[in-house]
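Since the structure of chain A is provided, determine the placement of chain B on it from the hints.
As a plain string of letters, each chain reads:
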Amino acid sequence: MTPNRHGSARIEFPNELDVLITREFDAPIALVFDVLTKPEHVSKWGATPPDQMKVCEIDLRVGGTYHHVFVTEDGTECSFRGTYLEIEPPVRTVETWLFDGWPDAEAVETMQLHETEGVTTLTMRLAFRDQAGRDHMTRFDGQEESFDAMEDILRSLLETETVPE
Amino acid sequence: MSISEYDGRVARASTTSDVFNAIAEADRRDILDVLTTGEKAVGAIVTQLSLSQPQVSKHLKVLSEVGLVRSRAEGRLRLYRLEPARLRPLHDWLAKYEQAWNDRLDRIDDYLQELQQQGDGSDT
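Just so you know, the protein sequences line up as chains A and B, in that order. All letters in the first sequence, in the order written, are residues 24 to 188 by the numbering used here. All letters in the second sequence, in the order written, are residues 89 to 212 by the numbering used here.
Pulled out of the complex, with its shape left as it was, chain A reads as follows:
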């Protein structure tokens, strides 16, 4: 029996510029790599229902580009694109990441896979070029201050005392 890993992703803000996400999958590394990098697979899991994935283009080679477009229920389109900088199947890809809605927030995304006894660990690192970029991901309305320390405090508070519902 494989354990239910739903909801088990770890999300960290290790410094001013990075977001780090870790998650395990009960699948061999080669399959996980394919599912994360081949358009015929990505198009299956890419969109959050009821959104749809309208464009899923992936040219998986160094210098190749990808382009994903999602369409929400009300017809709003979200477009993401980037260029592959490194490809090392089945363990690693490095690519630029650009959301058309935030043209100033280009990031470099590193996807790293590691398999131990049939369990593949995915580590995603999203490294923004500058803090203004990363703050798009983490700031509150108009809030320029970083989220790092806040997150640590929040977690320690939640561990020591229960926030009432």
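Any given hint could be a false lead.
Capping the alpha-carbon separation at 30 Å, the derived lysine-lysine pairs in DSS-like fashion look like this [claimed, not checked]:
no.	chain 1	residue 1	chain 2	residue 2
1	B	146	A	61
2	A	67	B	184
3	B	128	B	149
Everything labelled a hint here was simulated from the structure, so no lab data went into it.
The following block gives chain B in isolation, referenced to the frame of chain A:
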């Protein structure tokens, strides 16, 4: 490929609250951090942080105004403690951010399981 498409939507959710402004200041976060270990007088906070007593008092005033800390008098001392319920908006924001990632990674997980079940039968 990118599995981070939807972060933007979460980050752009409107979360206007004084709590966010109060906690955006580094010294005030340090004070909150000190208070996670329990109720403390101003003097105890001053000795733990490299801040002056007037600075700490000023920050405690801001934190009290937004309800993140509460104080009570004990003899001649005024003791400050955290009011964790007021961190709810922050907690909700972090939970939503984590939820967006988890949803996405769960879909990958389900899809991987589906593929492997199919693979057991024919496609090897």
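Hints, verified against the model:
no., hint, result
1, 146/B x 61/A, "violated, 56 Å"
2, 67/A x 184/B, "holds, 23 Å"
3, 128/B x 149/B, "holds, 14 Å"
Hint violations for this structure: number 1 only, all remaining hints satisfied.
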